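Fit chains B and C with the ligands to the supplied structure of chain A, relying on the hints for placement.
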Amino acid sequence: MTFSPELEAQFEKFLAKYPADKKRSAVIPMLVYAQDETHAITQEVIEEVAKRCGVTPLQVDEVVGFYSMLHKKPQGTYHVQVCTNISCLIVGGEEIWNQACHKLGIGHKQTTADGRISLEEVECMGACSWAPAVQVNYDFYHFVTPSQLDKLLDGLSAGKKPDEIAGVKRASC
Amino acid sequence: MRYNDPSPLETPVLTRRFRLPNSQSIDTYLASDGYKGFERAIGMTQDEIIGEVKTSILRGRGGAGFPTGMKWGFVPRTSPKPKYIVVNADESEPGTCKDRLLMEFDPHQLIEGVLIAGLAVGAQQGYIYIRGEFRYLIGVMDKAIDEAYAKGYLGDNILGRGVKFNLATHSGAGAYECGEESALLESLEGKRGNPRIRPPFPAVAGAYQCPTILNNVETFCAVPSIILNGGKWFADLGSPKNGGTRLFCLSGHVNKPGVYELPMGFNLMRMINEVGGGIRGGKKLKAVVPGGSSCPILKADECDLAMDYDTVAAAKSMLGSGGVVVLDEDTCMVKFALRIMRFYAHESCGWCIPCREGTTWLKKLLTRFHEGQGQRSDIVMIGDLSKNMLGRTFCPLGDAAAMPTIAIVEKFRDEFEAHLDGKPCPYEHINAFSKSGLAA
Amino acid sequence: MADLVKFTINGREIEAPAGMLAIEAAKQNGIEIPSFCYYEGYSLQAACRMCLVEVEKMPKMQVACTLPVAAGMVIRTETDQVKLARKSTLEFLLTNHPLDCPVCDKGGECELQDMVFKYGAGESRYVEAKIHVDEQQWSPVVFYDGPRCILCFRCVRACDEGMGVGALGVVNRGAMSLIAPNKGDHLECDECGQCIDICPVGALTSGPYRYLTRPWEMDHIGTICTHCSDGCKTTLGVRNDEIVRGNNRDRSGVNGEFLCVKGRYAFDFNKHAERLQSPMMRVNGKLEEVSWSKALETIANKFGEIRSRGGKFGVIGSNHTTNEENYYLQKFARQGLGTNSIDHHRTGDVVTLVDALSGTTGRLANSADFYERKAVLVIGSDFSVEHPFLAFQARANFRHHEAHIYTVTAEPVREDNYAARSVRVAKGEELGALEGLREALAAEPDLVIVFDDSIKGDKVRSVVEFGQSLGIPVSYCALVDYSNSRGAIDMGLAPEIGPGYHATGQPGMSMNDMLAAADLAALWVVGANPLENAKLAASKAFVVVQDLFLTETAQRADVVLPAASAYEKNGTVTNGRGEVQRLKRASATMGAKTDLEIIGLIAKEMGLAPMMGPWLPETVYAEIRKTVKGYDIPLPLVTIGAQQSTPVNGRVGVESRPDLVRSEHNNLFESGTLGRYSQVLNTVIEGRQSR
Ligand SMILES: Cc1cc2nc3c(=O)[nH]c(=O)nc-3n(C[C@H](O)[C@H](O)[C@H](O)COP(=O)(O)O)c2cc1C
Ligand code: SF4
Ligand code: FES
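If you're matching them up, the sequences are chains A, B and C in order.
Positions 0 to 172 (numbering that gives the first Met the number 0) are the ones given, in order, by the first sequence.
Positions 0 to 439 (numbering that gives the first Met the number 0) are the ones given, in order, by the second sequence.
Positions 0 to 690 (numbering that gives the first Met the number 0) are the ones given, in order, by the third sequence.
This is chain A alone, in the form it adopts within the complex:
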């Protein structure tokens, strides 16, 4: 299986991080970064990672099912994650979640027909003091209001990139 040169370079870096006989350590980072490129952890990805890390495909599969960020089903180009855990819940996280489902007509771990947006109700994402929080792929959105969510989803549905959407700003970093 071939990956992009960037990803290959990443993989090489990962493998170099751990003691020579502990290649298995690279399994999880490899899976996460591979998924960014392939949008899903396919059997092919599993076997490739297994080969590179010197473990069996089953040992990789065991890992895939354990970690909630790893998906066997393809996600949308934009994976919209809404936190409804306690700090978000009590300041509107659940309303944000319901609104997102309603607006897109899809539910938890589902993807829009055009493959652009997938939704996931997630656990605490470490943005409690800036709740309610949403993550689109790896970008955080803090203090999300219903109207901002509308704009965000409208923009993404219309084919815009998150940064091109007016009135919605990624959290700074």
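Read the hints as simulated data drawn from the structure, not as lab findings.
Since we're looking at a predicted model, the values are computed, not measured.
Just to be clear, a hint being listed does not mean it is correct.
What the hints assert, rightly or not - If you want a taste of the chain C side facing chain B, the calculated C-beta under 10 Å gives, among others:
{"no.": "1", "residue": "Phe-91"}
{"no.": "2", "residue": "Asn-95"}
{"no.": "3", "residue": "Val-169"}
As the list claims (entries may be wrong) - Computed cross-link-like contacts, BS3-like style, restricted to lysine-lysine with a CA-CA straight-line distance of at most 25 Å:
{"no.": "4", "chain 1": "B", "residue 1": "Lys-163", "chain 2": "A", "residue 2": "Lys-21"}
{"no.": "5", "chain 1": "A", "residue 1": "Lys-168", "chain 2": "B", "residue 2": "Lys-255"}
{"no.": "6", "chain 1": "B", "residue 1": "Lys-150", "chain 2": "A", "residue 2": "Lys-16"}
{"no.": "7", "chain 1": "B", "residue 1": "Lys-80", "chain 2": "A", "residue 2": "Lys-21"}
{"no.": "8", "chain 1": "A", "residue 1": "Lys-22", "chain 2": "B", "residue 2": "Lys-190"}
{"no.": "9", "chain 1": "A", "residue 1": "Lys-22", "chain 2": "B", "residue 2": "Lys-80"}
{"no.": "10", "chain 1": "B", "residue 1": "Lys-163", "chain 2": "A", "residue 2": "Lys-16"}
{"no.": "11", "chain 1": "C", "residue 1": "Lys-129", "chain 2": "A", "residue 2": "Lys-108"}
{"no.": "12", "chain 1": "A", "residue 1": "Lys-12", "chain 2": "B", "residue 2": "Lys-163"}
{"no.": "13", "chain 1": "B", "residue 1": "Lys-142", "chain 2": "A", "residue 2": "Lys-12"}
{"no.": "14", "chain 1": "A", "residue 1": "Lys-22", "chain 2": "B", "residue 2": "Lys-163"}
{"no.": "15", "chain 1": "C", "residue 1": "Lys-59", "chain 2": "B", "residue 2": "Lys-386"}
{"no.": "16", "chain 1": "B", "residue 1": "Lys-190", "chain 2": "A", "residue 2": "Lys-21"}
As the list claims (entries may be wrong) - Pair by pair, the computed Cβ-Cβ distance ranges are:
{"no.": "17", "chain 1": "C", "residue 1": "Lys-129", "chain 2": "B", "residue 2": "Asp-141", "range": "42 to 48 Å"}
{"no.": "18", "chain 1": "A", "residue 1": "Thr-41", "chain 2": "B", "residue 2": "Trp-232", "range": "53 to 59 Å"}
{"no.": "19", "chain 1": "A", "residue 1": "Lys-150", "chain 2": "C", "residue 2": "Val-102", "range": "53 to 59 Å"}
{"no.": "20", "chain 1": "B", "residue 1": "Asp-235", "chain 2": "A", "residue 2": "Thr-41", "range": "54 to 60 Å"}
{"no.": "21", "chain 1": "B", "residue 1": "Asp-303", "chain 2": "C", "residue 2": "Glu-14", "range": "51 to 57 Å"}
{"no.": "22", "chain 1": "B", "residue 1": "Ala-63", "chain 2": "A", "residue 2": "His-107", "range": "31 to 37 Å"}
Even for Gly, the Cβ is constructed at its ideal location relative to N, Cα and C.
Here is chains B and C with the ligands on its own, set in the frame of chain A:
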């Protein structure tokens, strides 16, 4: 504003560089005492470093509050095996969002803390285990690590002083359980995040079964200042037996939620009212989660207390991870308990029976209960099942699910009763946005 | 051994080595601490939390399965708190466990059922929906029912640690966790079925056994597997005279609970539709069924006639028949027919090994040595595939005692995964590799050297010389193929050697010679298939075959006699290490007789009964004890699998015949001719080929 306005009541030690321009860069860091603690530590013996940390009464900021110096002292320094330093940057305890800032705004402080820990026990390799969702922080840390290598603060012969230390980030992939130290190590080794049987503890058999120091981000971040200014100085910042400051993550129904660095022992009511600007919308305080979702909840009338490990423990809760979640009078406690249990059921690794089955059962029960399908006997059963997990699970995740639940049922039994007989949730009609005015 | 410490359990003072796990210490003193995930010999899990106990001065209850005992410890295993914890754990377990005990194969021998019966959780408070997933078939022999699984991870460990296969894993998280096979929806493994037997509940069930019977409707008969020479005890579950199950959960015999696919499932040849049930005779060129009396009369007449005219006899015995049968057969041949032309298919050079070790004692390795010696050197054999039990022992030795395993083979083998050294050599060059290992081996406290047919004749002597020159205690094992190969040579099924390795004086024809002798007058084959790949030169020879099936050899016969299988016999067999064990009759096939009885009946028909003595296994065994060196072992000892009491330690006194030694190198799913009649083995092989 980069994350929230500071409060004049803060004691910025770990956060003191946060508002400097370009605070992430090594130049900024070096211009403000950066790596001075490390340079100083190079000249100290291992016992002196550990002694200083012991004197500081620094207690682990990950949740359990174990004295850090003592933990470092457990590492068998004469062991022929390689030793490792592992940073727990898995930050996933609901209500907690401080390690993120420490890495985002002052990554070198963390690197320096790790370097000093390496000196203290003779480790030459470190890993920063960062939860996968914090992808941007992996970028921030990688960049800082590169800078540190470039300036000779990492590598095989650091500063030409014959010190060797290599450091790398490691991405998680979404699992709260991987914040638990032994599960984290399994995950670091490329496995499912199941916890390990302890003893042996990581200090003796950690990463790759070698002696390992594993601490929370904030814990490591406190170390450079301790070495630079002395353990006693740090200890004096806090309250007795609780050295230093800590980052409190104020969230929920306060006017000014945010992460604030306050001295250990800071009064909780003052934190809510003076630091956090009081309850929003003029509402009344109902309860506070003092240290992340695992901690038993405090009712409003229990909140006039000093936020240090011992005082909060005396109030039958825990200081935990610093996640202070403030709930106003309109919060449904049944729903709150349900959401907590949903979290733990989702995050239970599945290894042990009581946790795996107990959290799942309670999640289903509380869902049904909140929907108005509860029976009076269920109220007793919620507490009962929680107690059947408490103290019997493989790792503390089961306790973390049980403790808040037991406290909520005990302290808010009336709210459970209000949901009986098919009655709709009394709070369901209250929209969080309209009541806060945030929707605007 | 660790120091003994004193501590108390439930008020009783107990002594045990410091550091022993409390659950074990309790068990040894008759105190049961319940557990699901704890399993002796496998890694600790502490996952089920059934074994919680109270320990004085400890704030929380402790899990006894990981609690090392220490001096002065005060443990309580039956307090109210403990009982409540057990009960609630069971209650938790039952939330998602289907209560389909009435139709579950495990019903009646289910650990969860027993536990609930004993510790409570009689009524459930659980009213929520259960999680459902469909049952899956993973292989011809393994089925998995997810909801019944209690996630004790025994199966995963048995496969990974025990078998060294690692075909089972855990997928998903939390309550959704499931056991999964290594190839997505199916297993690629040894199909040993250990996972099924070790499963405390009915989550893993056995294809061949599914829904056949209830455990209490079976008789359970402990006998010896009739396939390879490892000699595993297998407990056959028999209902209505039919074998429906094999396992060894009572851990009897040399193998504990180990069994491979053959021992556990390949009993099914026994009821194969082509089993012979009537004697047959060639009439007008075709085999036709005849009565026993007609067949016996014909044989006796023909044998008598040939003997009286001095015609040449050839007698070929079996690697599967009992010691009694082998002994009786050679006695008949030598004393009744007056010929030393008796042989069997030799699969390992035991003769040279015995000769090379003459004058020494205790040098023949036994089963325990593979688990207890500090080092094991495997030469030639693909150990896990050809000798699964011995490989299992060595693997356990590595796991439990950090034993060093050395391999010298032409191809990669499973042992490489954990071997201290693996040496790859060209086939035939095995011996040459030993010097390179000398230094490492000489540093071992002791050693077992085990070799296959790549080492025969003088090479055996060289190996022994090498071993003896290491200056450490070494024991040896010459690997052989089938369940009683060792017994065949011990009992003297050889032209040059009589029972107990006595020279016969005038050697007769070897098997090859018999087949090649154009003037052979009669060939008598008992339970062997020499014509599978060979031709009989003497076209006019009168051929008598005793077998279960109409094999290639039987098809050439003039008279075919239906024989009973090993599972239909009493008697003894000797495994590859010389451990004598007892066969017990589990079932019967209508029309077939044991080979012992058939031989006896022929003798009787020929008027030789007084010379031969009764054909009762016990009587023949008594004679073996008296006459065969090394076999003076009382039957009760044989029942538990006894090492030959006195080793054969005199010079064999004849030239051995390495030219006749040839192993079939049967793998896990083959078992000579017999294997062809096992449907289970065939489906497994087909399953693998079709992937
Ligand atoms: C279920 C569970 C989750 C945990 N999650 C975290 C976490 O996200 N971050 C953290 O630093 N510690 C976490 N801990 C605590 C760690 O196990 C460990 O005690 C801590 O990292 C040690 O560092 P410290 O002494 O500096 O606090 C968790 C513990 C448990 C039982
Ligand atoms: S299948 Fe059986 S042995 Fe395996 S984990 Fe489940 S209950 Fe345990
Ligand atoms: S997940 Fe840790 S005890 Fe169950």
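A quick look at each hint next to the structure:
no. : hint                               : result
1   : Phe-91                             : holds, 4 Å
2   : Asn-95                             : holds, 7 Å
3   : Val-169                            : holds, 7 Å
4   : B/Lys-163 to A/Lys-21              : holds, 20 Å
5   : A/Lys-168 to B/Lys-255             : holds, 20 Å
6   : B/Lys-150 to A/Lys-16              : holds, 20 Å
7   : B/Lys-80 to A/Lys-21               : holds, 15 Å
8   : A/Lys-22 to B/Lys-190              : holds, 12 Å
9   : A/Lys-22 to B/Lys-80               : holds, 18 Å
10  : B/Lys-163 to A/Lys-16              : holds, 15 Å
11  : C/Lys-129 to A/Lys-108             : holds, 22 Å
12  : A/Lys-12 to B/Lys-163              : holds, 20 Å
13  : B/Lys-142 to A/Lys-12              : holds, 14 Å
14  : A/Lys-22 to B/Lys-163              : holds, 22 Å
15  : C/Lys-59 to B/Lys-386              : holds, 13 Å
16  : B/Lys-190 to A/Lys-21              : holds, 12 Å
17  : C/Lys-129 to B/Asp-141: 42 to 48 Å : holds, 46 Å
18  : A/Thr-41 to B/Trp-232: 53 to 59 Å  : holds, 55 Å
19  : A/Lys-150 to C/Val-102: 53 to 59 Å : holds, 57 Å
20  : B/Asp-235 to A/Thr-41: 54 to 60 Å  : holds, 57 Å
21  : B/Asp-303 to C/Glu-14: 51 to 57 Å  : holds, 56 Å
22  : B/Ala-63 to A/His-107: 31 to 37 Å  : holds, 33 Å
Checked against the numbered hints listed earlier, the structure breaks none of them; every hint is satisfied.
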